[in-house]
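*Asks:* Protein chains in written order, with our numbering: chain A, 1 to 437; chain B, 1 to 328; chain C, 1 to 343.
Since the hints were made in silico from the structure, they are not lab data. One or more hints might be untrue.
[What the hints assert, rightly or not] Partner residues are not named here, just some residues of chain C that face chain A (Cβ under 10 Å, in silico):
#, residue
1, Gly26
2, Asp50
3, Val58
Note that CB positions come from ideal geometry on N, CA and C, so glycine has one too.
Spelled out from the first residue to the last, the chains are:
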Amino acid sequence: MPTPFIMPKMDMDQESVTINEWLKKEGDPVKKGEPLVVIETDKITSEVEAPATGRLAGIIYRENVDVPVSEVVAYILGEDETESDLPERTEPETDTRVNQEDKDKVEKSTLKTEKTATAVAQRMAEAEGINLQDIPASGEKITKEDVEKYLGGLEGVEPRVQTPATPAARRIGHEKNLDLTRVEGSGPRSRVQAADVQSVSGQTPGLGETLALSNMRKRIAERLTTSYQTTPHIYLTTEVDMREAEASRKRMNELANQDSTPAISMTAFITRIVAWSLKRHPYLNASFQNNEIRFWEEINIGIATALDDGLIVPVIRNADQMTAKEINNTLRDLTRRARSGDLSLDEIQNGTFTISNLGMYGIQSFTAIINPPQSAILAVGTLTRRPVVVDDADTLEIRPMMMLTLGADHRIVDGAVAAEFLADIVKALETPELLLF
Amino acid sequence: MPEITYRQAIHDAMVEEMRRDDKVFLIGEDIGTYGGAFGVSAGMLEEFGPDRIRETPISEQAIVGAAAGAAMVGMRPIAEMMFMDFILLAMEPLVNQAAKARYMFGGKATVPMVVRMPSGSGTGAAAQHSQSLETILMHIPGIKVVAPSTPYDAKGLLLSSIRDPNPVCFVEHKLLYKAKGEVPEGEYTIPLGVADIKRSGTDITVVSSQIMVHKTLAAAEKLQDEGISVEVVDPRTMRPLDVDTIAKSVKKTGRLLVVHEAVKTAGWAGEVMASISETPAWDYLDTPMRRLTGKDVPIPYNPNLEAAAVPQEDDILREIRAIVNNTY
Amino acid sequence: MTTEKPKMKFDNKKTTDILKKADELGFSKDDLIEIYSTMIKIRLFEEMADHLYAMGKVHGTMHLSAGQEGVAVGTGLVMRPEDYLLNHHRGHGHLIANGADVNKMMAEFLGKQTGYCRGRGGSMHIADVEANNLGANGIVGGGIELAAGVGLAIQMQNQERIVLVIFGDGAANEGIFHESLNMAAIWDLPVVYLCENNQYGMSADVSRVSSKVPFRGRAEAHGIPGYYIDGNDVLAVYEYMKQAIDHARSRKGPVFVEAQTYRYFGHSKSDRNLYRTKEEISEWRAKGPITRFEELLMKADMMTDQDIERIKKDMTRIIDEAVEFAENSPEPDVNNVTEWVYA
């Protein structure tokens with residue numbers, strides 16, 4: 001067996017060496033211990049000796065290449081061995097071969113071109129302790145004005161949090177659901193202190209108390225954490241021109257008025273349309289379970305409802321089989337009983353899709369976390385009247401625009417599938433007649 | 001209950017333990033006839049003899065090195081450094097040998113030794129004899145660091161330190177040697193790693209150690225009349241630090257001040273504050289965490305300068321008032 | 001200061017007649033073969049360690065003691081199991097000569113859980129505390145300070161053991177050398193100080209950086225008996241180390257022995273040997289401990305070429321098995337990284 005000549009590792013951090021010169025050619029006789037090759041590391045140039053006596057053969061790495069340590073670079077053939085005894089060679093990948101020329105080129109291009117500056121600018125930079133090279137030059141040279149502009153920028157750093165407040169004040173404010181920007185801060189630099197927040201309405205836990213998690217909050221916490229951690233969410237946002245939907249709802253409400261039934265809420269309206277779209281897109285009404293996709297038999301849409309101390313999602317069963325009026329009535333009933341704590345277990349179970357609407361709080365758009373084991377959730381934003389382009393001639397009109405953000409389980413819902421589902425909702429909202437068609 | 005001095009408490013702890021366990025011995029400079037530079041080992045040579053009250057040449061590195069070697073093979077040495085400042089000569093055996101032997105050898109070595117050393121300023125001994133270097137020691141995994149403030153704490157903690165199977169640095173304060181306090185008769189130990197609430201309060205948590213505990217308590221008395229209720233927490237063990245007790249206190253009061261004699265930069269006040277931000281107590285802070293420490297200066301000789309270099313009672317009063325009044 | 005190396009005379013007489021010497025020291029033929037085998041084992045072990053390092057299998061660096069086998073084996077023969085050993089970073093030879101398990105040594109180099117230090121120490125910190133091996137030390141002179149303490153503990157516990165602390169010529173210039181010798185001398189501690197003088201610290205020639213050589217003068221300055229011997233004459237090493245250890249064991253106080261030897265490999269794996277010539281290394285190889293002992297044995301007809309082959313084969317097998325053991329051993333659990341800091 002030919003003896004492999006291996007490039008040794010000679011230093012603690014060394015990963016590769018460069019072969020500077022082979023001292024012997026292929027076919028030359030070599031003696032054990034005789035220097036065979038001159039190599040270079042970043043510390044030093046050195047020779048490596050032959051590990052055995054014989055003939056040098058099968059050189060794999062030539063001069064001026066980087067060789068990873070512990071690699072075979074050549075072989076020493078024994079007395080009765082020939083080139084045919086050499087093992088099969090796989091050519092080393094060409095990108096490990098670095099030409100000295102290329103090395104030089106690469107080094108040059110990474111050199112930054114030094115900018116020149118006026119004498120005044122240099123003095124200013126030195127006085128302020130800043131690196132001239134950090135300053136963008138408006139012209140060929142860095143001027144005094146450039147330095148001033150740069151310095152001014154450092155001062156005006158936008159803080160991430162607008163209202164200074166102590167951790168205690170934030171905690172209390174959060175628990176009370178307060179907007180700290182609306183609280184008068186009595187601390188230095190208008191900092192909001194705990195006392196300031198205490199005095200803003202409501203029974204709050206006193207400073208230093210601990211609020212134990214209610215069972216509801218515990219459940220919410222567990223479920224959302226699981227969903228967030230195990231379900232890969234994909235989010236799609238779209239904008240809807242709600243002019244037609246508003247008009248349609250208005251006409252429906254005229255009908256409701258005549259009927260003496262309650263006015264249809266926008267949530268109920270949207271729910272009807274979502275149910276319709278779900279029927280056409282079963283993947284959004286399914287569940288990922290044990291590497292299988294379970295398509296639900298029913299379409300049961302849960303409507304996220306805020307309570308004083310948490311969140312509950314009452315479910316409208318078989319929403320696809322209900323009219324907007326029926327959905328509206330059911331929703332009103334469920335919401336009322338949710339707030340008084342009178343929902344039965346099966347009114348909050350078996351949801352297959354969830355809608356969450358924060359429009360009444362002025363929220364433009366938001367991403368919601370899927371309620372497991374569902375595969376999607378639709379987050380509805382507020383209606384904002386905005387100018388939009390309405391036709392190919394670039395006509396601008398003020399329209400009521402609304403953002404919808406669909407969150408879907410990417411394990412079973414691909415982007416295109418989700419997009420189609422959402423597109424259908426948009427179409428239906430923009431042309432409600434579609435449901436009659 | 002009898003009252004004894006801090007010095008006496010340390011002396012008694014050593015004597016009682018040496019009577020109980022013949023593996024314990026004291027090694028250091030001038031500990032025999034002279035009775036130790038601060039008189040702590042007075043009378044011990046007569047009782048235990050020159051083998052167990054082992055007086056050495058002036059060789060700090062060899063003293064701590066010998067202690068480490070002896071501890072590895074069955075003895076329980078107590079090495080005395082004449083001044084904490086001199087531990088610097090012995091950092092190699094303390095840090096590279098004693099602290100690491102157990103870990104480097106895969107858990108198969110034990111180094112049960114104690115290094116006692118007096119720290120602190122106020123005696124006019126100036127820069128090279130007045131340092132508070134506990135922060136440097138706290139940084140080393142493998143050793144424990146203890147810093148008692150009262151005779152009661154000193155005795156109980158020293159007994160625990162001697163009995164602890166790890167290398168323990170026992171930091172005494174020069175100015176406390178003559179301080180008196182109640183110490184019960186009979187054996188008792190105080191576990192390492194447990195802080196002590198020296199005074200209960202509701203408006204601010206002040207963490208201080210050694211002589212600063214006494215200055216803080218004096219300040220707290222005065223502040224009581226101003227309607228400020230100060231809770232004083234004495235860590236007692238610096239490594240491992242009892243963050244839980246401090247956090248509980250901060251959660252209660254919402255305000256934290258750390259007072260130590262050691263120099264400000266990289267001083268252990270930073271360690272306390274960083275630790276608090278890692279606990280839920282952080283959410284209960286209502287003022288920025290503050291520290292009052294020795295200035296970044298070698299201890300000067302002139303007594304006024306010396307006093308100005310470290311926190312005094314007036315400084316503590318001023319700081320507490322400023323924090324409670326939301327000045328920061 | 002001249003750069004000429006002073007000619008220093010050894011205290012020992014050169015071993016030329018092996019039969020006579022063996023008789024004097026009470027060694028049988030088998031004992032002598034055993035000595036030879038152990039030296040071969042060490043040499044092959046170090047060469048394997050070097051090979052593993054070149055293969056990129058060993059993290060960090062290594063300090064190989066090839067060339068110093070005479071000191072290791074000669075000393076190891078004198079040590080009793082209850083004696084304490086404090087070693088330096090170039091300590092593989094001493095460990096093997098004192099009966100260490102090469103499997104656990106190899107496993108430690110590869111950082112495995114089954115290594116002497118559970119992979120936490122590496123080559124420089126191998127210890128077997130239960131077997132009274134208090135560790136190789138990465139700090140030059142680190143063992144010297146501990147030795148006085150161990151000696152003190154032995155004395156206070158009235159035991160019949162000694163502590164042997166081995167260090168190099170570089171360590172003799174550390175301040176702690178004097179502090180420790182002073183302390184051992186004033187208290188008559190049972191410490192044997194063995195200085196393995198292999199001519200170089202890392203790259204510094206010992207005579208260039210030491211005010212006076214041989215070092216035994218420094219021991220004598222502390223009132224400690226000191227010897228300067230040829231470390232490459234394994235039987236001479238045995239003879240003098242036995243004297244020294246017996247002296248310390250009989251509570252007569254500390255002893256200092258300086259053994260002259262030479263290392264073939266560089267200081268560590270980053271050493272390119274720029275501070276000495278190839279010729280110098282070859283010269284020393286020609287009069288190395290194994291070569292000399294082999295010649296003596298062959299001359300006295302106590303060993304043949306076949307014996308040598310057989311011994312090398314046996315030792316190679318042991319070492320190959322050690323490498324296999326090490327490579328098949330598990331890595332330590334990363335989740336336990338902070339375990340064993342405190343007792």
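*Asks:* Now look at each hint and say whether the structure bears it out.
*Replies:* Verification of the hints:
Among the interface hints, the one on Gly26(C) is violated; its C-beta lies about 40 Å from the nearest C-beta in chain A, farther than the 10 Å criterion. For the restraint placing Asp50(C) at the interface with chain A, the shortest Cβ-Cβ distance is roughly 9 Å, inside the 10 Å limit, so the hint holds. The interface hint given for Val58(C) is met, as the beta carbon of that residue sits about 9 Å from the closest beta carbon of chain A, less than 10 Å.
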